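Chemist: These are the residues of each chain, in order.
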Amino acid sequence: MMKIQINGNKVEMPDEVRTIEELLVYYKLDDKPVIVEWNKEIVDKDNHTKTVLTEEDQVEIVHFVGGG
Amino acid sequence: MTDRYSRQTLFSPIGTKGQEKIKQSSILILGLGALGTATAQNLVRGGVGKLTLIDRDVVEYSNLQRQQLFMEADAEENVPKAVAATRELRQMNHQVSIQGIVMDAQREELEPFMKEVDLIIDATDNFDTRLLINDLSQKYNVPWIYGACVGSYGLSFTIIPGVTPCLQCLMDIIPAGGATCDTIGIIAPAVQMVVAHQTAEALKIMVDDKEAMRNQIVSFDIWKNEHSSITVNHLKKDTCSSCGIAATYPFLSQANQSQTAVLCGRDTVQIRPSQRAKINLNQIEEQLKPLGSINKNDYLLSFKPFNDLNRVVIFKDGRVLIHGTDDITKAKKIYSRWIG
Ligand SMILES: [Zn+2]
Numbered sequence: 000m001m002k003i004q005i006n007g008n009k010v011e012m013p014d015e016v017r018t019i020e021e022l023l024v025y026y027k028l029d030d031k032p033v034i035v036e037w038n039k040e041i042v043d044k045d046n047h048t049k050t051v052l053t054e055e056d057q058v059e060i061v062h063f064v065g066g067g
Numbered sequence: 000m001t002d003r004y005s006r007q008t009l010f011s012p013i014g015t016k017g018q019e020k021i022k023q024s025s026i027l028i029l030g031l032g033a034l035g036t037a038t039a040q041n042l043v044r045g046g047v048g049k050l051t052l053i054d055r056d057v058v059e060y061s062n063l064q065r066q067q068l069f070m071e072a073d074a075e076e077n078v079p080k081a082v083a084a085t086r087e088l089r090q091m092n093h094q095v096s097i098q099g100i101v102m103d104a105q106r107e108e109l110e111p112f113m114k115e116v117d118l119i120i121d122a123t124d125n126f127d128t129r130l131l132i133n134d135l136s137q138k139y140n141v142p143w144i145y146g147a148c149v150g151s152y153g154l155s156f157t158i159i160p161g162v163t164p165c166l167q168c169l170m171d172i173i174p175a176g177g178a179t180c181d182t183i184g185i186i187a188p189a190v191q192m193v194v195a196h197q198t199a200e201a202l203k204i205m206v207d208d209k210e211a212m213r214n215q216i217v218s219f220d221i222w223k224n225e226h227s228s229i230t231v232n233h234l235k236k237d238t239c240s241s242c243g244i245a246a247t248y249p250f251l252s253q254a255n256q257s258q259t260a261v262l263c264g265r266d267t268v269q270i271r272p273s274q275r276a277k278i279n280l281n282q283i284e285e286q287l288k289p290l291g292s293i294n295k296n297d298y299l300l301s302f303k304p305f306n307d308l309n310r311v312v313i314f315k316d317g318r319v320l321i322h323g324t325d326d327i328t329k330a331k332k333i334y335s336r337w338i339g
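Chains as they are written, first to last, in numbering that gives the first Met the number 0: chain A, 0 to 67; chain B, 0 to 339.
Worth flagging that the hints you see were computed from the coordinates, not collected in a lab.
Watch out, some of these pointers could steer you wrong.
Straight-line alpha carbon distances no greater than 30 Å define the calculated DSBU-like cross-link-like pairs of lysine-lysine that follow [stated by the list, open to error]:
no. : chain 1 : residue 1 : chain 2 : residue 2
1   : A       : K31       : B       : K329
2   : B       : K332      : B       : K295
3   : A       : K44       : B       : K235
4   : A       : K27       : A       : K2
5   : A       : K31       : B       : K331
6   : B       : K209      : A       : K39
7   : B       : K236      : A       : K39
8   : A       : K27       : B       : K235
9   : B       : K22       : B       : K49
10  : B       : K236      : B       : K203
11  : B       : K203      : A       : K39
12  : B       : K329      : B       : K288
13  : B       : K223      : A       : K44
14  : A       : K31       : B       : K236
15  : B       : K236      : A       : K27
16  : B       : K223      : A       : K27
Which residues of chain B face chain A? A partial, calculated answer using Cβ under 7 Å [as the list claims (entries may be wrong)]:
no. : residue
17  : G32
18  : A122
19  : T123
20  : D124
21  : F126
22  : C148
23  : V149
24  : M170
25  : D171
26  : I172
27  : I216
28  : S218
29  : H226
30  : S227
31  : I229
On a predicted model such as this, the values are computed, not experimentally measured, just so you know.
Heads up, the beta-carbon is just placed ideally off N, CA and C, and yes, glycines get one too.
One chain only, chain B, in its complex shape (with noise of 0.2 Å):
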């Protein structure tokens, strides 16, 4: 037990000193696809103190191809992904205090959590979550760490407030829609060189190594030979409304909250009502089961309409994803069908 972490310690930017650093870092890792799977593994084997997990999905056979801490089981009895990523990160290293969260995380489940944690490293698969990160990362001054990759592309950044431009004042247009692995695909490859740089990012930022930061946007083609890093610091705004003078954090505010969402990679649609009652999984499963087979656990219900293609599943926060589609008038069609 005591060489556990040799190897790391005898790499001289980290050392012993690195290593108790690392073990008083608290991060939280946004989005358990194959990005956050990949860096959570990394960082529970490298020895983080704290861990916090969150994703909203569960695990589908296509995922099984590069999300790595998945097993098949997984994928047949639809189990959340911080359930099964959870389960297999503790066999990896006890030392570490994991915490997986079955939730679609929004302002006002991310805000609590702002104040515990050193970094957030971003793993989600969606513009509108990244740009509630970049507010809330902004706000409660927490560093992270954009990454993101489809096809055999991948580009990441780290933003540290007040030093580095955000990701508001790097992008100019926020984009709707775009290639996705649902329409364009994945390659592992591709994943585990942005899970590379996030990670040493990560490592850089928990023992506090400033001089060895990136301090450049990086982006690679792994399938065309490509590699391409600029250095943007210049492009930090003032006026910029999530970190300048008179930052007002626009995607913190209500309006700017998508309530559907279509998730990549998987042809679904997520619905999650304005008025979050607690649903009664045991009523819904009496109402569906002449319409359908159902599938339930202690998390979810899974629903496959006996003369509908699609598949409903309905967790216990109240949040339905509709699979089979990704119109979002449609979804809501068959979600008012379904639950009302």
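Bound-form chain A, shown alone (with noise of 0.2 Å):
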């Protein structure tokens, strides 16, 4: 089990999300329009299939909706 810091809470991630486009598609947000920050950087649509997560990562992800 490893903990990451999402939106400001901490969370406890299953073994199977070891990078951001895994912890994408946990949440149900691959298909979405995001914006991923991963340890305060921007982290590219291209290269969250090769960003892997580790213990105490601080992630932050704004995802758009369109309600009003």
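Using the supplied hints, reconstruct the complex from the two chains, each of which is provided in its own coordinate frame.
Modeler: Below, the structure written as structure tokens:
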């Protein structure tokens, strides 16, 4: 179990979540427009599968919605 | 009357000078759902000089839970939102010049406003209109404030042409469908949180307090207690087709404008005929009277067929809302069945 911080909250991740892409799949955001910040740096979409998460990482995820 | 704005002018970043700037400001709010009605109320109470409100829809009972300018009678009588909102807002502050317009705002309708407004507030419920606003904002150098919410989640970002990235720079894909107020609902505090961000940014822009501008995209989930803000300045792309060096404003071209739309939170499809001939509601009333029950006012005719669940609302400008479906093809069939 890896513990990371997501949008300000400490969250325990299941073992299958190892990369940013897998994190987005876990939250069902992988096919949505998102901006992901990983340890204070924005990660380009092209690098989502390459970016491996480690314990205590800080991730911010903003996803776009249309309602109003 | 003289101390009407005293608590706002006592706030030193605004002051009496700022209040005068607010009074000189002209703001356009697009959409009068939950976001639009709440922001409109804040701006009117705060003493904005001129407010233009545009909405294509009518009040329904399901709006009353969160859309704060509407009364039960408005839902009962299907009063257009722009009409109901203007009526309430004028009672709050007669000093503000308020213009409420019932229309489906596309490029040709919106373009004339661009030269007279200082700021656009996004209170729409779809990305089609937002991308249109985004291009108009860049072309005419008018800032706009994106805001959206669904469920207990919301987000906002202020777009200043030439300074910040635009919406296109930030969104790598344009979502089709996705979660809407229709599918997962919406709670009022999520709306109010977005409204607070949008109103605060609008005040900063009006008083020209550049230092205080947020510069970040902000999002929250008020149920899961999450909050996030990301600095996105370096996502501004020189190659962006809306704000880049060789901008072509793709969403201003006719091909990218949809003529049908599923309305958020309503299980309703809007159809906008390509030929915008003035519709004669009296004539339509005569034709449809034997086939169902009809409610008619100065702006629209609402028709509920005897043998069909789908209520049809026909506006004077030719637009038609088909209620009880989110299927565009089915809606088009219903349209041609009753209207031709
Ligand atoms: Zn851009």
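Chemist: Against this structure, judge whether each hint is valid.
Modeler: Evaluated hints:
Proximity of K31 (chain A) to K329 (chain B) is assessed by CA-CA distance (about 27 Å); at most 30 Å being required, the pair is judged to hold. Annotation: proposed proximity of K332 (chain B) to K295 (chain B) holds, straight-line Cα distance about 23 Å (limit 30 Å). Pair hint K44 (chain A) plus K235 (chain B) holds up; C-alpha atoms about 15 Å apart against a cutoff of 30 Å. Between K27 (chain A) and K2 (chain A) the CA atoms are separated by roughly 19 Å; this keeps the pair inside 30 Å, and the hint holds.
Distance restraint check for K31 (chain A) and K331 (chain B): the Cα-Cα separation of roughly 28 Å lies within the 30 Å cut-off, and the hinted pair is therefore satisfied. Proposed proximity of K209 (chain B) and K39 (chain A) is supported: the alpha carbons are some 24 Å apart, at most 30 Å. For a cut-off of 30 Å, the pair hint linking K236 (chain B) to K39 (chain A) stands: about 20 Å separates their Cα positions. Between K27 (chain A) and K235 (chain B) the CA atoms are separated by roughly 26 Å; this keeps the pair inside 30 Å, and the hint holds.
As the CA atoms of K22 (chain B) and K49 (chain B) are separated by approximately 8 Å, the hinted pair is consistent with the 30 Å bound. About 25 Å separates the Cα atoms of K236 (chain B) and K203 (chain B), which keeps this hinted pair within 30 Å; it holds. Distance check on the hinted pair: K203 (chain B) and K39 (chain A) sit about 26 Å apart at the alpha-carbon level, within 30 Å; holds. Between K329 (chain B) and K288 (chain B), the direct Cα distance comes to roughly 23 Å. Compliance with the 30 Å bound is thereby established for this hinted pair.
Using a Cα cut-off of 30 Å, the hinted pair K223 (chain B) and K44 (chain A) holds, with the two alpha carbons roughly 25 Å apart. A distance of roughly 20 Å separates the Cα atoms of K31 (chain A) and K236 (chain B); the hinted pair therefore holds under the 30 Å criterion. Among the hinted pairs, K236 (chain B) with K27 (chain A) is consistent with the structure: their alpha-carbon atoms are about 27 Å apart, no more than 30 Å. For the hint pairing K223 (chain B) with K27 (chain A), the CA-to-CA distance comes to about 16 Å; that is within 30 Å, so the pair holds.
Hint status for G32 (chain B) relative to chain A: holds, with the closest Cβ pair at about 6 Å, below 7 Å. The beta carbon of A122 (chain B) comes within 5 Å of a beta carbon in chain A, closer than 7 Å, and the hint placing it at the interface holds. The criterion of a C-beta within 7 Å of any C-beta in chain A is met by T123 (chain B), whose closest approach is roughly 6 Å, and the hint holds. A distance limit of 7 Å between C-beta atoms decides the matter here; for D124 (chain B) the minimum to chain A is near 5 Å, and the interface restraint holds.
Residue-level restraint check for F126 (chain B) holds (minimum Cβ-Cβ distance to chain A is 5 Å; threshold 7 Å). Given the 7 Å rule on beta carbons, the hint for C148 (chain B) holds: about 6 Å separates it from the nearest Cβ of chain A. The beta carbon of V149 (chain B) comes within 4 Å of a beta carbon in chain A, closer than 7 Å, and the hint placing it at the interface holds. Annotation: M170 (chain B) was flagged as interfacial toward chain A, and the flag holds, the nearest CB pair being 4 Å apart, inside 7 Å.
For D171 (chain B), the interface hint holds, since its Cβ comes within 7 Å of a Cβ in chain A; the closest pair sits about 5 Å apart. Below 7 Å, beta-carbon pairs count as interface contacts, and I172 (chain B) has one with chain A at about 5 Å; its hint therefore holds. Proximity of I216 (chain B) to chain A holds as hinted, the smallest CB-CB distance being about 5 Å (cut-off 7 Å). A distance limit of 7 Å between C-beta atoms decides the matter here; for S218 (chain B) the minimum to chain A is near 4 Å, and the interface restraint holds.
Proximity of H226 (chain B) to chain A holds as hinted, the smallest CB-CB distance being about 5 Å (cut-off 7 Å). Hint on S227 (chain B) holds. Least Cβ distance to chain A is approximately 4 Å, under the 7 Å limit. The interface hint given for I229 (chain B) is met, as the beta carbon of that residue sits about 5 Å from the closest beta carbon of chain A, less than 7 Å.
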